[in-house]
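Starting from the known structure of chain A, arrange chain B on it as the hints suggest.
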Amino acid sequence: MHRDLVERIVRMSVPQKPEPLARATPHGRMSVQRHARRRSSTTIIGLRYADGILCVADRKMSGYWFRIMSMDFQKIYTVSPISVLMGSGSVVSLQQAERYVRRTAKQFLMQAKVPMSTEGQAALLAEWCELQFMWLGEWFSFFGILAGFDTDGTSHLYAIEQDGCKIEEAQYYATGSGGFEATAVLDQRWEKDMNLAHALHIGVDAQYQAGCRDSGSSDVRLAIPSAAAITKDGVQPISEAYVLQALASVLALKPSKPLKTALALAVAGLS
Amino acid sequence: MTDAKKKKPIPKKPKSTALDAFNAKDAEARKRLAGIFVAFVKLPASRAKKVRGFIFSGYNNSEEAKTYDGRNFEAHIIGSPVMQVDEVETMLKTLGFLWETRVSTKDYHSYSGRLALTSINQATIESSQFPRASAVEAIFLDKRTTNAEVQRALYTGEFFTAPLHAGAPRVFLCGCYDPARRREVESILNGLLRRKVSASGLRAVVRKLRKAAGVRRVVHQSVPIRFSS
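Protein chains in written order, with numbering that gives the first Met the number 0: chain A, 0 to 270; chain B, 0 to 228.
Just so you know, these hints were derived from the structure itself, not from any lab.
As the structure is a computational prediction, the values presented were derived from the model and not from experiment.
It is possible that part of the hints are untrue.
Using 30 Å as the maximum straight-line C-alpha spacing, the simulated DSS-like pairs for lysine-lysine come out as follows [stated by the list, open to error]:
no., chain 1, residue 1, chain 2, residue 2
1, B, Lys207, A, Lys231
2, A, Lys191, A, Lys112
3, A, Lys105, B, Lys207
4, A, Lys16, B, Lys210
5, B, Lys142, A, Lys112
6, B, Lys207, B, Lys195
7, B, Lys195, B, Lys210
8, A, Lys105, B, Lys142
Taking CB as the label site, the calculated pair distances span [stated by the list, open to error]:
no., chain 1, residue 1, chain 2, residue 2, range
9, A, Asp186, B, Phe96, 32 to 42 Å
10, A, Lys16, B, Asp25, 37 to 47 Å
11, A, Met133, B, His219, 46 to 56 Å
12, A, Arg2, B, Lys11, 35 to 45 Å
To list a few chain A residues with every Cβ distance to chain B over 10 Å, as calculated [said to hold, decoys possible]:
no., residue
13, Gln94
14, His200
15, Ile223
Note that CB positions come from ideal geometry on N, CA and C, so glycine has one too.
Chain B with its partners taken away, still in its complex shape:
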């Protein structure tokens, strides 16, 4: 046999590591959350006469934004696909039911809901048992009279908290991981902090957000001041 006829050994592909799997799931989740978003705009105290702020949720036709409204907190959930968002909403309802029947209606606080969501997100993205990350994010708004907080639960399992009744006005944004879209969405929402908002102004903001984020639907709702102390 001549040398030319000798088969060259095929180079073996390097085995995929846990880190590669994590990166792949992270990239996929970011892609799924590229445009859709949920944002809470906390208004300045001087202008918060009737409303504490606004919630904006942006999503496409195949997606849906859900809201869990309990006695102590409300959660605004966004994600893709709809099935995962539904599961998170069902889980929050189940948790609420269990807390209310086993303990009391007063004791289902936002920390329990946030803990459950972040645990699921962290487990699905970090464990090799799960092929896909859970691309669901939520903003939890406390209705408690003391220590009320805004909590953001991200798809990585991270969470961020900020006081609701104190501190500077600001925008809390979940989702919208496409950098260009995020920049535009943030600039539009930051614009709300600087001027008074009328009903027509809100409609204009919704139109701008739809265009900037590249989503079909943007819904907004005001967060009333009813849960101030």
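Isolated chain A, as found in the complex:
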């Protein structure tokens, strides 16, 4: 048996590193101004609940300096039957990452007849990010969350960053430009073994806080956040009507401006 044949077959069987994109050059294709590129300086949240993992994301896409390009942008991608990818940063980086993971996971599913594990998807994505970051530098901007429910009955929530780091989170994770505000809410309100309605309420509350203080995230009163639940049955998108119910319950608790005015009028009337 020839050594080169064995090596060729080994290379054929294991997923290979992706080809890097063109190197960033000051005068080349990549030399467009950074702020002119479309960005989703966003808020994405993944939190565990009793049956699996809930993912919530806002809908805003910015670009061309400080313009809002879209308020209907979907940032939750189903990359395999058992996992979703959410991302923030450059839109092109997010879409390329999604394409890479979806293609690899689909190829694996076609051959092995079982979905690739979340750990495997996260490892490949982290390696891909590392390569892209090495080649493109600051032009590559990606902060993502990969969540999945494996066939062995375990759920996994991974935080993946552009430099190639991969961290498994035990409870919840929020990232993007509004990640700090969302994390503050999750720190206070997250509980173990919540039901879906409670988890969605907390997720939407975190989005509300992020939208209030972060210019890159959409206000939940202007654009309804998108949400998806990952359980042992796979990925299930949550309908807008259900998210709206959670949103109404969150807004009822907030001292918004109309509510303040109404209270003042009521007080004036009473007095």
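For chain B alone, kept in the frame of chain A given last:
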């Protein structure tokens, strides 16, 4: 010069074609795998309380049976000479290492190992670059909780799959290409499906297999039910 002294032209030998080379390699591989075998006997569900079935490997002193035991599958390899079996085992280990370091420990499934072995077997028997066929065959047993399969990879590059948890009890045999020996080995192994097997009964089966296949050693091991769903 008389006619009698004229030299007769020597008839030229027909050039050997790729098909002749293939047939020669096929015959040689069959000869090398004439007696040695590896077999998986899948027991009936009613009797599979602790074990799913039995693996029997028969080989001579100059040969060896190897087992690769991973997280998702195990592979029972047989072949001749030992060097080729060793190479296949090393390749499965290398593949496992690469999958585990690049992807994850969960994602090295039997299809990857089977694909590598069948690719090597097919390339060596079909390509004229290689003087000998790879006479290595293996049975892959899945440990996955869903869609678990028994896969047989043959020396020709063919492979056959069957469900592990469902279907009728049966014997999966690799190697033993001598028709008379194969018939006897199959009849002995089929006998295991019809009656309960004790430890002494297994020893008797091993003795019979050794005689029927004409090999020096037959080893058996039970396949535990630990990887049922």
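Right, here's what the structure says about each hint:
1. Straight-line distance between C-alpha atoms of lysine 207 (chain B) and lysine 231 (chain A) comes to about 49 Å, which puts the hinted pair past the 30 Å bound.
2. With a C-alpha separation of about 33 Å, the suggested pair lysine 191 (chain A) and lysine 112 (chain A) falls outside the 30 Å cut-off, and the hint is violated.
3. Between lysine 105 (chain A) and lysine 207 (chain B) the alpha-carbon distance is near 48 Å, which puts this suggested pair outside the 30 Å criterion.
4. The straight-line distance between the Cα atoms of lysine 16 (chain A) and lysine 210 (chain B) is roughly 52 Å, outside the 30 Å bound, and the hint therefore fails.
5. Of the pairs offered as hints, the one joining lysine 142 (chain B) and lysine 112 (chain A) holds, with about 14 Å between alpha carbons and a cut-off of 30 Å not exceeded.
6. Proximity of lysine 207 (chain B) to lysine 195 (chain B) is assessed by CA-CA distance (about 17 Å); at most 30 Å being required, the pair is judged to hold.
7. Taken as a hint, the lysine 195 (chain B) and lysine 210 (chain B) pair is honoured in the structure, with Cα atoms around 22 Å apart against an allowance of 30 Å.
8. With a CA separation close to 22 Å, the supplied pair lysine 105 (chain A) and lysine 142 (chain B) stays within the 30 Å bound.
9. Taking the beta carbon of each, aspartate 186 (chain A) and phenylalanine 96 (chain B) are about 40 Å apart, inside 32 to 42 Å as hinted.
10. Between lysine 16 (chain A) and aspartate 25 (chain B) the beta carbon distance is about 38 Å. The supplied range of 37 to 47 Å therefore holds.
11. At roughly 53 Å, the beta-carbon separation of methionine 133 (chain A) and histidine 219 (chain B) lies within the given 46 to 56 Å, and the hint holds.
12. Between arginine 2 (chain A) and lysine 11 (chain B) the Cβ separation comes to about 38 Å, which falls inside the hinted range of 35 to 45 Å.
13. The Cβ of glutamine 94 (chain A) lies farther than 10 Å from every Cβ of chain B, with a closest approach of about 23 Å, so its non-interface assignment holds.
14. With a least CB separation of 34 Å from chain B, histidine 200 (chain A) remains clear of the 10 Å interface cut-off, as annotated.
15. With a closest Cβ-Cβ approach of about 35 Å to chain B, isoleucine 223 (chain A) is found to remain outside the 10 Å limit, as its non-interface label requires.
In the structure shown, a violation is registered for the earlier hints numbered 1, 2, 3 and 4, in ascending order.
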